[in-house]
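Going down the list, the protein sequences come from chains Z and Y. The opening residue of the first sequence carries number 1 in the working numbering; numbering runs sequentially from there. The opening residue of the second sequence carries number 1 in the working numbering; numbering runs sequentially from there.
Derived by calculation from the structure, the hints in this document are not laboratory data. Keep in mind that a hint or two might mislead.
Here are the computed lysine-lysine pairs in the BS3-like style, where the Cα-Cα straight-line distance is at most 27 angstroms [unchecked claim]:
#1 Lys61(Z) with Lys280(Y)
#2 Lys653(Y) with Lys451(Y)
#3 Lys280(Y) with Lys205(Z)
#4 Lys61(Z) with Lys205(Z)
#5 Lys280(Y) with Lys269(Y)
#6 Lys205(Z) with Lys269(Y)
#7 Lys55(Z) with Lys205(Z)
#8 Lys55(Z) with Lys280(Y)
As the structure is a computational prediction, the values presented were derived from the model and not from experiment.
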Amino acid sequence: MSAAGPLTIVVCIKVCPDTAQLRADPRTGAPRLDDVPQRIGTFDENALEEAVRLKEQHGGKVVVVTLAAGAPPPELILKALAIGADEAHVIEDDSAGGADPLATASILAAALSRLEHWDLVICGEGSLDGYNRQVGLRLAEALEIPVLTHATHVDRRGRELIVHRALEDRTVLVAAALPLLLTVGQEINQPRFPTVLQIMAASRKPTASWRLADLGFAEGETAAGMSAVTTIGVFAPPEERRRIPIPGSGAREVARGLARCLFEQGLVKG
Amino acid sequence: MGWSSASSPALDFRANGSALPMYVLFVVCLALFLVGVWRRLRVPAPSAASTAGNGSGKPGRRLARLLEFAILQRRILRRRSSAWTHLPIFWGFVVLGLGSLTIMVDGYVLRPLGLDLPRGTAYEAFQMTLDLFGLAFVVGIVVAIHRRVWIRPEHKPHDNRALAVLLVLLAIGASGFVLEGLRLRLEDSAEPWAVAGSAVATLIAASRLPSDAGMILYGLLWWTHVVAAFGLLAVAPFLPLRHVLTAPLNIMVAPARPSGALSTPFNLKELMRSGRFDVKTGAASIADFSWRDRLGLLACADSGSCQDVCPAHATGTALSPMRLVAVLRDEVDSAEPLDRALLEDAIWSCTLCGACSAACPTLVDPTRYVVELRRDSVAANRLGQQRTGVLANLTLARNPYGSNGAVRRDLAAQLGLPTPGERRDVDMLYWIGCAATFDSRVRAVAEATVKILDRAGIRPGVLGPAELCCGDPARRIGEEGLFQDLAFRNIETFERHGVKTILTHCAHCFNTLHNEYRELGARVEVVHHATLFRNLLDKGAIEPRRPVPERATLHDSCYAGRLNGAVEPPRAVLRSIAGTELTEMGRSGERAMCCGAGGANYWYDVPRVERIGSVRMREAQATRASLLVTECPFCLKMLEDARNSTGDGVPMKVRDIAEVLADALGEGSAT
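Bound conformation, chain Y alone:
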């Protein structure tokens, strides 16, 4: 900060012996800081329950992430309100920090050695830079204080500690300028390039402050400045301010985008071979989280970015991802079992849509904690009736509906598709999915898909009763063993019938088959129907000729869009259809809002003020579209339900992209 070179002997604290206490204070505060960091990261022996997951990447990737998220701070810039405070504070902090270091080195290392920084134009520019960034810093702090005290955004709960930190930072910044002004006045020197300091000096001159009072004030302020800065360092590990250190570290170890694949805590096949089933899954205490997950807790800076985009929070459930992380962070150095009363409703409210994770400026992924806590709840039998029912259905019927899977044979016959017993040539496996099997509304999606494939000359086959649930609801509820039991049975079926390519119209099946089966040894290529349609259009294998005169808006499914990055294919399909005009919702693509079905939420009720689908339906209606297009059966169901229960507005058609495309090929029923 502005305490630039102390050239006058009277102001040179090194000369009158004041440097030693400062050094002592610095060493003590640094020691306290290090002890604090150690205390927060030191947790009882890490358990193997939670795996580090896909955190890492090559060193180049880590540095690229550091540049993108820690230095350029892309996700902070995306939120205008935080950009205006964080940007000046961050850059002010960095430049002043480097400047103060330069001055310390200059004053206490170089000059005693008889070396000196040249006082030329470069030095003047340096002083001016410091002053300007210092000003930005102070302004940023003032705006931040204003936001906390007067504006009070929802994600900034009343927090005296955070406010105190801001006030201390303000004191450090402001005292720096007053010190610089005092020095200029007392030395009676003019350094106009030190813009802020000179302004303060002018004010002091106008106040006719006696010179000896000025000396005393200078000493007091100097010590305030130093004690505040070093003191903040000492207590930083216990404050959100710690993110200055933890955020860059986390950014280097955490993946940049949320992953569709949950961690795999064990391999059921290996356990069956070894006969040892006493594997601990999930997190009952902080000790059960990996060091990476604990670092994530400490990297949270309470920005509220996650909460702003969380569909569960927006609809009044018990979940705020920010609060969840804060509750866990408060226990970060404890090995005691977590107080589940605070967590139970929150973890079941999560749709695992990944919006929080994709929004976090410091790359914390709250869904990782949700999953580990759910796994613990399952192992400890804290499931409740509805979730128990889903798992019982998945166990007995091997589908979440609990209905007899034998109807899959009848459905194959209805669709005119061969099952493995029949000797017919097939190009790919069409994975029908449980929704299209047991829900007549979704069956229309399968019928449309089969018509499109027929037009393209593709011969699909189906598994019939051998197709079991992919396991997504079991895994997302947290019953990993049941998920793997289903997955291994399906993988065995793929191997038995030489399946190489799988087509699915379900975003959840796609994500699980594509991302999660791989770790269990599956070697299949999986394609989501929207992507296949786009490819067929590109090749000219299908030509939509019949106009579909609609103003359409696309609801991206989280599991195809955000979690797998496939946001372009469905749009390309819609653009290829004559008469269909594509309009986007406020939140679309990788930032689309969840329909409410993810994270197995489709299968149980969550106490909430409003349904997620209703909020999303209003966003769709705001586009004045006549047609809402989905690309996942569960989005289709959720949004259709929301449409049916929303009385106001024009009734909007909700259709899967396959149904719309089949229409445009002249194959579907007219809309």
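So here's chain Z without its partners, still in its complex pose:
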């Protein structure tokens, strides 16, 4: 445990459909969500992993907060606890599926202000499904704390964090005093994979669930209602492959045919 004392770290996660398994309806192009399982967003897992590593180094605790439409699959919250979170807070709102980053950030901020104490908030860079990359920034704004995005490495120096931020062509080292909000991507770590037994054993850890009214929102207020953005539709534009067979025997002949075809299609200009 470090001399600078333990850290209480809040990690905001989002339960999303596993986009790797997402298929579009062949007629409408709309995503078929009925047969796709839910998972914790990939960047959110990086955020959680980093929090747990900091806790392992400096002591303290990790608190997971999520906004979900109805109760999320219990195994996902247990997974977060098995990775190393000490408690989980689930904010349930039936309209959360329609929440935009503004609404999500306001609700998370309300929840965080009701937590006893925290030193650091870590969010994923963006969610797995919406990927607006705004919740972290807006949450920091709402909490009135500094935010450092694209963190790829974190060291602690007393009440300060030294954060490596990977920008396009350079890495910037920033020292920032706690409390602080970080957003992280895949570069920062390799999240651990808890076993089935570890996930089941995590059911001993505490989980609390909240409704918007518990967080001080007025009766009748919903996540969707607080949103400034309305989603009109989500669909996969049809992709048509041209399926051009290139005849020929032997690599040389086929390669010539391919080259000719690429010129003819205007894909290569010579």
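Add chain Y to chain Z, keeping to what the hints say.
Frame of chain Z; chain Y shown alone:
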């Protein structure tokens, strides 16, 4: 050894009081030996993490194994190079040991009691036998020393201790003959039946050694002989020589053939009922291994038989099963956590093909250690990105590809097979497997299989989206809980739909469903497609009429062949096809080489010099076959990849046995 009966009073050490120190030395050395054995086997409280597994068998079976592997030494005889050294050393050791015991009993027990062994023809034959076996012993030792010092085979690393043991054994053997020769010379007796001793006596006579010098030399040599023999006994527990004791013990407790079923450290259903999930899995230290696994470590005699056949070692990975066992053996009396830096890359390089286990002369199974170490790595989150990805796919999508299992419904429709909701009569469940579902190349195997079944009048049904991964990759990576989660879900599906017979074209699915689901309570009969085809041919239910003019060679999958013994059915199928000529690779049947996919290796990359599939492809090409036949989708993929990346040689067709048979039934696409 040659120190036969000391009949002359001058040479009778019992008479001049030298026997007592010898007895004392013997007792001390024996005590040291026993302390050593205890120290090596005494390990901190055994943990329940690793189960003893299917080690045992009935007493008759144990004795049969003892005869086959410890006395007749079948697996040593299979390797010609070791046979020529181990055979004479072993039999020389046994016969001389028994002979020396007889002489000791004769000299120090019978004769003081006034009894004496009759010195007739039988005794002369006994002396001659001792001399001949002694000669074999010395020659064997000399050849072994020659191999170690001058030939230096790859599996015999430079080891001063092993060389020292050989030199001491040589000293014991040689001093025995000189002693016998000296005795014959000093007693001035002629015992021509003691062939070696007499020869030495003749040499001594020619050297005109004075008789008193001879007496001194005799005393010195006698003590050298005794001290060397007893000393070796005292330090044996700390040397590979210990296998003289540990190998027979291990042979009696270990199974004779590698098992396709990994050990089951817990039952997930029972844990869920009890709500206790704090079960330790895997081995973080030697203490976590069962006593049987620790005995296995001590039974290893460094023969290198495992390393010779290991596909991971042959392709330059971090794994040598011999070195893995040696590293663990060095820690055998320690309860400290194992140094994982030495082990991590090695354990992930293993394809769990079982070749090492099937080759070991003392029935050590290195794969047991790999599995327990992997389980520990999983529990401690030392997985790396790719293996984490496989487990994440298996968790989220319940298949290793991570793709949406809903496509299984579309595939059922494409194959024209009913899923459980449809009310149609089915004879058996066709387990499609993840490979045929998500890999279009393997889908052709399922299509061919369905055509063959149709010809035979068999009506298969499929599970559609209810079919999940059998769990093989999860279990072999070491995530037992995830394996059992998948297995119990599948078993529940079998029960819900009254599944009794399952057909699979995948050797891994076959092994898991057939061997591993049983322990979790499944009551289903599982048949591998090659076996079903053979049975259908035997019954005359299908008749391959269309000739398939190919020179074919069969790549046995490890999980159907070596681990389940099904090497004959695919060959019978190929032999039934007109025009197909079957030719065998150098390594085939239960000794076939792995394709590189086993042990979940298909799903992640292993740092290596060469791919296993490429080595195997060269073996196939050496047969000059035009067609390489597989019986497992992962072998098919690995070998096809190897064929595509091997520029040299004639391009060889790689096809599953179902595709070849469907052709011969006039159903498949022409080759």
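Hint check:
Simply put, Lys61(Z) and Lys280(Y) have alpha-carbon atoms about 25 angstroms apart, close enough for the 27 angstroms limit, and the pair holds. Straight-line distance between C-alpha atoms of Lys653(Y) and Lys451(Y) comes to about 21 angstroms, which keeps the hinted pair within the 27 angstroms bound. Restraint check: the Cα-Cα separation between Lys280(Y) and Lys205(Z) comes to about 20 angstroms, which is no more than 27 angstroms; the hinted pair holds. Of the pairs offered as hints, the one joining Lys61(Z) and Lys205(Z) holds, with about 12 angstroms between alpha carbons and a cut-off of 27 angstroms not exceeded.
Distance check on the hinted pair: Lys280(Y) and Lys269(Y) sit about 16 angstroms apart at the alpha-carbon level, within 27 angstroms; holds. Distance restraint check for Lys205(Z) and Lys269(Y): the Cα-Cα separation of roughly 21 angstroms lies within the 27 angstroms cut-off, and the hinted pair is therefore satisfied. A distance of roughly 16 angstroms separates the Cα atoms of Lys55(Z) and Lys205(Z); the hinted pair therefore holds under the 27 angstroms criterion. Under the criterion of a C-alpha separation no larger than 27 angstroms, the hint pairing Lys55(Z) with Lys280(Y) is consistent with the structure, at around 24 angstroms.
Checked against the numbered hints given earlier, this structure breaks none of them.
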